[in-house]
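Enquirer: Listed below, chain by chain, are the residues.
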Amino acid sequence: MEKFNKLTGVAAPLNLINIDTDMIIPKQFLKTIKRSGLGVHLFDEMRYDDAGNEVADFVLNKPQYREAKILVAGDNFGCGSSREHAPWAIADFGIRCVIAPSFADIFYNNCFKNGILPIALPQEQVDLLMDDAARGANAILEIDLDSQTIKGPDGGTISFEIDPFRKHCLLNGLDEVGLTLQKQDKIAEFEAARENAQPWL
Amino acid sequence: MTTPRTLYDKIWDAHVVVPQEDGVSVIYIDRHLVHEVTSPQAFEGLRTAGRQVRRPEATLAVADHNVPTTDRAHGIADEESRIQIETLEQNCKDFGVEYLDMSDIRQGIVHVSGPEQGFTLPGATIVCGDSHTSTHGAFGALAFGIGTSEVEHVLATQTLVAAKSKNMRVNVTGDLPVGVTAKDLALAIIGEIGTAGGTGYVIEYAGDTIEKLSMEGRMTLCNLTIEGGARSGLIAPDQKTFDYVQGRPRAPKAGQWETAVKIWSQLYSDPDAHFDREITLKADEIAPQVTWGTSPENVLPITAVVPNPAEVADAAHKAAMERALQYMGIEAGAPLTSLKVDRVFIGSCTNGRIEDLRAAAAIAEGRKVAPHVGAMVVPGSGLVKEQAEAEGLDKIFIEAGFEWREPGCSMCLAMNADKLKPGERCASTSNRNFEGRQGRGGRTHLVSPGMAVAAAIAGHLADVRDYN
Ligand code: SF4
Chain Y
45 MEKFNKLTGV AAPLNLINID TDMIIPKQFL KTIKRSGLGV HLFDEMRYDD
95 AGNEVADFVL NKPQYREAKI LVAGDNFGCG SSREHAPWAI ADFGIRCVIA
145 PSFADIFYNN CFKNGILPIA LPQEQVDLLM DDAARGANAI LEIDLDSQTI
195 KGPDGGTISF EIDPFRKHCL LNGLDEVGLT LQKQDKIAEF EAARENAQPW
245 L
Chain P
48 MTTPRTLYDK IWDAHVVVPQ EDGVSVIYID RHLVHEVTSP QAFEGLRTAG
98 RQVRRPEATL AVADHNVPTT DRAHGIADEE SRIQIETLEQ NCKDFGVEYL
148 DMSDIRQGIV HVSGPEQGFT LPGATIVCGD SHTSTHGAFG ALAFGIGTSE
198 VEHVLATQTL VAAKSKNMRV NVTGDLPVGV TAKDLALAII GEIGTAGGTG
248 YVIEYAGDTI EKLSMEGRMT LCNLTIEGGA RSGLIAPDQK TFDYVQGRPR
298 APKAGQWETA VKIWSQLYSD PDAHFDREIT LKADEIAPQV TWGTSPENVL
348 PITAVVPNPA EVADAAHKAA MERALQYMGI EAGAPLTSLK VDRVFIGSCT
398 NGRIEDLRAA AAIAEGRKVA PHVGAMVVPG SGLVKEQAEA EGLDKIFIEA
448 GFEWREPGCS MCLAMNADKL KPGERCASTS NRNFEGRQGR GGRTHLVSPG
498 MAVAAAIAGH LADVRDYN
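Those sequence lines, one after another, are chains Y and P.
Once you know that position 144 of the first sequence is 188 in our numbering, the rest is easy, because the numbers rise by one and skip nothing.
Once you know that position 131 of the second sequence is 178 in our numbering, the rest is easy, because the numbers rise by one and skip nothing.
Calculated from the structure, these hints are not laboratory results.
What you are looking at is a predicted structure, and each value in this text was computed from that prediction instead of being measured.
The beta-carbon is built from N, C-alpha and C at its ideal position, and this holds for glycine as well.
Treat the hints with caution; some may be incorrect.
Chain Y stretches covered by chain P per the calculated footprint, using a threshold of three residues with CB under 8 Å from any CB of chain P [claimed, not checked]:
hint, segment
1, 55–68
2, 102–112
3, 170–180
Listed next, the in silico DSS-like pairs over lysine-lysine satisfying Cα-Cα at most 30 Å (straight line) [to be verified]:
hint, chain 1, residue 1, chain 2, residue 2
4, P, K287, P, K300
5, Y, K50, P, K211
6, Y, K211, Y, K227
7, P, K287, P, K140
8, Y, K211, P, K140
9, P, K287, Y, K227
10, P, K211, Y, K227
Sample of chain P residues facing chain Y (criterion: CB under 8 Å; computed from the structure) [said to hold, decoys possible]:
hint, residue
11, P66
12, Q67
13, V73
14, Q88
15, T117
16, G194
17, I240
18, T242
19, T350
20, V352
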């Protein structure tokens, strides 16, 4: 997994609540057996019209946001299905950080497996960042995972929370499967005890 | 004295392999369901790293999302869908996982086939790369959806690294009125707590209303838990649960059965257990529900009118509501029963079980689908289909003008050929009314099976109580 430490870039504002995973990546793109190449389909139904042409006023189609690295969105971002295609599409587009008042649990988890940092902040702070984001390239955000801070374009700093294990994995780009496999003995021990007590499992 | 624990606490504690480090624990996963959409990249990951599936016998795979629901003799016409299903089949072969293929009578939606096979057991931890894994909580199993990276993690290690959720209890008391089902109850709960109300929680459903629900009803309720934001729903197992499980292919056999039931009988929340949040609903106050917007929380009794954004103070909610009304092509103030439907879909992991089909058939019997409505019934599994046909339900549906299809997810998410055209309005027994969920531009109203039939017959959203 790609490491995440510092990220500096333009933030795109998408001021909608309950952005679900069907909006992020509609089902017709779930037929892939790969992880890559989903970025062009990110937010497909909002981003393109029925004929497949770009919708000019959708935020990621505007010139100032085409290279956005950060997304600022409304409450309950990523609700709906467990499809990891959602964070794959976001990362493939080039967005490495999503900021919202809250995230759906499964989506939140999935982000960390893909080098994306989801930041949950109180509504007032998201509102401020949403205003910053509306200024496009004139409002670069600087995100520093190590110190858990976001530096705004006008010098103000916002701190955010993240649990220590996830932070550690993201900072170091760790392979979680590899980490867990180091605990094989414990797993085997657990299995032996369980086999004894509940052999039907 | 030991601290009183909730049902969730008990199952969690029994599965901790390596306790709390940095806020997370390694927990053991007893059962893993796999389907074609969220697994190819996980198996690929194993291959790349040269890893094996740790416990193939704890893993069960079935193709459901992409399968065609019409004549299957000619295979799958859509190339990408076919490749995805062939990939699953090959992966199962390569890694020694049992796979229920399309011609197998046991094939169906993972959340229907799993319980049918006795793969779902009380007290177990069950995961699947699918958010509606919450369904299996109906058996008192801790069941939740995971992403593809976690699918790979479980395949390789039979564990997950997870943080413990908070405890919420939803108490429901009294009798559900005639025409009101577990689906209506679930939608009413989501309407109450909101689509993010359960985020960060595991929800236990309790109270006499829940005890009276059938296993199918409990599955419907737990299935929709994720639409309220909670990854898992839980119901303490009881005699009904044990009766449902006993004798199924993967259930504990005679000799082990008694021990299993003894252990399962300990699975309940202790009287003084602490819940971080608790709400109570009265069953007799619930009317048949229907969603009007593009989030499951946009739900009202069928007797209501389309709500007015002008009456909403919060700016974000107001904007979301305006967007939803525009997408759905409806006007504030219109009675919900005035909304004309073009399509009706009965099926999905929410309402594709035998009891759902019986309830639907009871309303459909001797009536006709309105001429302008295209209506279909898609059983949740081959076994459900077989049972329904044995009871003659297929004939009732066909006679009434419904199409009778092969099992699968079908128009719940429209990955196969079954989908809405832009602007079409559908009364659907599925679980998500998101924009484009049932086809680009399609408009979904979530309802119970009986309500779906009522809409098919009336040609517009209708109150099932007028048809009982
Ligand atoms: S029926 Fe619908 S919700 Fe259920 S697993 Fe299939 S696609 Fe998902």
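Enquirer: Run every hint past the structure and note whether it holds.
Expert: Hints, one by one, checked against the model:
For the segment 55–68 of chain Y, the proposed coverage by chain P is satisfied: 7 residues have a C-beta within less than 8 Å of a C-beta in that chain, meeting the threshold of three. Coverage of the segment 102–112 of chain Y by chain P is violated in this model, with 0 residues showing a Cβ closer than 8 Å to a Cβ of that chain against a need of three. Coverage of the segment 170–180 of chain Y by chain P is violated in this model, with 0 residues showing a Cβ closer than 8 Å to a Cβ of that chain against a need of three. Only pairs whose Cα atoms come within 30 Å are accepted, and K287(P) paired with K300(P) is accepted, the gap being roughly 18 Å.
Only pairs whose Cα atoms come within 30 Å are accepted, and K50(Y) paired with K211(P) is accepted, the gap being roughly 29 Å. Between the alpha carbons of K211(Y) and K227(Y) the distance comes to roughly 20 Å, so the proposed pair stays at or under 30 Å and holds. Using a Cα cut-off of 30 Å, the hinted pair K287(P) and K140(P) is violated, with the two alpha carbons roughly 36 Å apart. Restraint check for K211(Y) and K140(P): not satisfied, since their Cα atoms lie roughly 37 Å apart, outside the 30 Å limit.
The straight-line distance between the Cα atoms of K287(P) and K227(Y) is roughly 38 Å, outside the 30 Å bound, and the hint therefore fails. Between K211(P) and K227(Y) the alpha-carbon distance is near 19 Å, which keeps this suggested pair within the 30 Å criterion. The beta carbon of P66(P) comes no nearer than 10 Å to any beta carbon in chain Y, farther than 8 Å, and the hint placing it at the interface is violated. Because the closest C-beta pair between Q67(P) and chain Y is about 10 Å apart, greater than 8 Å, the hint is violated.
Because the smallest distance between the Cβ of V73(P) and any Cβ of chain Y comes to about 6 Å, under 8 Å, the interface hint for this residue holds. For Q88(P), the interface hint holds, since its Cβ comes within 8 Å of a Cβ in chain Y; the closest pair sits about 5 Å apart. Violation of the interface hint for T117(P) is found here, the shortest Cβ-Cβ separation to chain Y being roughly 18 Å, above the 8 Å cut-off. A distance limit of 8 Å between C-beta atoms decides the matter here; for G194(P) the minimum to chain Y is near 4 Å, and the interface restraint holds.
The closest approach between the C-beta of I240(P) and any C-beta of chain Y is roughly 12 Å, which is over the 8 Å cut-off, so the hint fails. Because the smallest distance between the Cβ of T242(P) and any Cβ of chain Y comes to about 6 Å, under 8 Å, the interface hint for this residue holds. Using the Cβ-Cβ criterion of 8 Å, the hint placing T350(P) at the interface with chain Y is not satisfied: the shortest such distance is roughly 26 Å. Contact between V352(P) and chain Y, as hinted, is not supported at the beta carbon level, the nearest pair being about 22 Å apart and thus beyond 8 Å.
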